[in-house]
Amino acid sequence: MSVATQISRIQTDRNTIRAKLVELGMAQNTDDLDKLAMAVEGIENRGAVSATVQEGDTYTIPRGYHNGSGTVSGAAGEQNYNLQSKTVTPTKKQQNVTPDSGFYGLSDVTVGAIPEVYQDVSNVTAGAADVLTGKVIVDATGKAVAGTMPNNGATSLTIDGLTATSVAIPAGYSSGGSVSLTGDIEEALAAI
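Per this note's numbering, the sequence shown runs over residues 312 to 503.
Some hints here could point you the wrong way.
[What the hints assert, rightly or not] Pairs of lysine to any residue residues, derived as SDA-like cross-links and limited to a Cα-Cα distance of at most 25 Å, are as follows: (1) Lys346 to Ala315; (2) Lys404 to Val478; (3) Lys331 to Thr400; (4) Lys346 to Thr369; (5) Lys346 to Arg357; (6) Lys446 to Pro410; (7) Lys331 to Asn356; (8) Lys346 to Asp368; (9) Lys446 to Glu427; (10) Lys403 to Tyr415; (11) Lys403 to Arg374; (12) Lys404 to Gly381; (13) Lys404 to Val422; (14) Lys403 to His377; (15) Lys446 to Val432; (16) Lys404 to Asn393; (17) Lys346 to Ser361; (18) Lys404 to Tyr429; (19) Lys404 to Gly483; (20) Lys403 to Tyr376; (21) Lys331 to Thr363; (22) Lys397 to His377; (23) Lys403 to Gly375; (24) Lys454 to Asp441; (25) Lys403 to Gly453.
Keep in mind that the hints were calculated from the coordinates and are not lab data.
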């Protein structure tokens with residue numbers, strides 16, 4: 312074989328090696344044979360790398376040569392998981408119960424009893440007009456409702472029996488009081 316043929320063969324082999332190392336991110340398109348040899352020399356032989364991971368975890372495959380007989384497998388059995396137990400109290404809004412950071416999942420969730428503040432109010436019949444102004448009730452749907460009934464306090468009314476024979480009692484709450492007859496009718500009868 313001639314020297315020119317040998318140089319051509321070496322250049323072809325160099326270009327093949329360079330193309331593969333560039334593809335693997337280990338060399339540049341302009342690297343000479345010495346740099347390519349150093350890159351190949353730096354490839355670590357990892358052999359058969361095996362790892363076990365839990366579902367949802369990641370495993371970073373180390374850089375280097377792998378012979379293809381390594382495995383990555385999921386952890387078997389619950390004993391390898393760090394699970395959390397939680398207790399929640401019902402609320403009027405939906406709750407998402409998830410594990411805290413550092414836990415893989417939930418082993419159990421205990422839902423507490425419905426608090427007294429969330430009792431069944433479906434039988435409530437009072438409405439805003441049945442409740443004093445300034446007071447608040449919960450209606451049959453569980454909504455807070457402000458009362459609208461006026462508070463008239465103590466009522467004292469009079470009629471004279473002559474020109475006023477009846478009196479209108481104002482709508483609303485009264486703490487009591489009286490309706491009395493004045494002496495006008497007695498004076499009118501005495502004058503007859």
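Here is how each hint holds up against the structure:
The straight-line distance between the Cα atoms of Lys346 and Ala315 is roughly 23 Å, inside the 25 Å bound, and the hint therefore holds. For a cut-off of 25 Å, the pair hint linking Lys404 to Val478 is broken: about 52 Å separates their Cα positions. Of the supplied pair hints, the one linking Lys331 and Thr400 is violated, its CA atoms being roughly 61 Å apart against a limit of 25 Å. A distance of roughly 33 Å separates the Cα atoms of Lys346 and Thr369; the hinted pair therefore is violated under the 25 Å criterion.
Distance hint between Lys346 and Arg357 is fulfilled; the C-alpha atoms sit about 22 Å from each other, no more than 25 Å. The straight-line distance between the Cα atoms of Lys446 and Pro410 is roughly 42 Å, outside the 25 Å bound, and the hint therefore fails. Between Lys331 and Asn356 the alpha-carbon distance is near 17 Å, which keeps this suggested pair within the 25 Å criterion. Straight-line distance between C-alpha atoms of Lys346 and Asp368 comes to about 37 Å, which puts the hinted pair past the 25 Å bound.
This hinted pair checks out: Lys446 and Glu427 have alpha carbons roughly 21 Å apart, not beyond 25 Å. As the CA atoms of Lys403 and Tyr415 are separated by approximately 28 Å, the hinted pair breaks the 25 Å bound. With a C-alpha separation of about 53 Å, the suggested pairing of Lys403 with Arg374 is violated against the 25 Å cut-off. Distance hint between Lys404 and Gly381 is unfulfilled; the C-alpha atoms sit about 49 Å from each other, more than 25 Å.
Distance hint between Lys404 and Val422 is fulfilled; the C-alpha atoms sit about 14 Å from each other, no more than 25 Å. Taking the CA atoms of Lys403 and His377, the gap is near 56 Å; set against the 25 Å cutoff, the hint is violated. Of the pairs offered as hints, the one joining Lys446 and Val432 holds, with about 17 Å between alpha carbons and a cut-off of 25 Å not exceeded. Of the pairs offered as hints, the one joining Lys404 and Asn393 is violated, with about 29 Å between alpha carbons and a cut-off of 25 Å exceeded.
This hinted pair does not check out: Lys346 and Ser361 have alpha carbons roughly 31 Å apart, beyond 25 Å. Annotation: proposed proximity of Lys404 to Tyr429 holds, straight-line Cα distance about 12 Å (limit 25 Å). A distance of roughly 37 Å separates the Cα atoms of Lys404 and Gly483; the hinted pair therefore is violated under the 25 Å criterion. Restraint check for Lys403 and Tyr376: not satisfied, since their Cα atoms lie roughly 58 Å apart, outside the 25 Å limit.
Taking the CA atoms of Lys331 and Thr363, the gap is about 31 Å. The hint is violated against a cut of 25 Å. For a cut-off of 25 Å, the pair hint linking Lys397 to His377 is broken: about 43 Å separates their Cα positions. Between the alpha carbons of Lys403 and Gly375 the distance comes to roughly 56 Å, so the proposed pair goes past 25 Å and is violated. Proximity of Lys454 to Asp441 is assessed by CA-CA distance (about 16 Å); at most 25 Å being required, the pair is judged to hold.
The hinted pair formed by Lys403 and Gly453 meets the criterion: a straight-line CA distance of about 10 Å does not exceed 25 Å.
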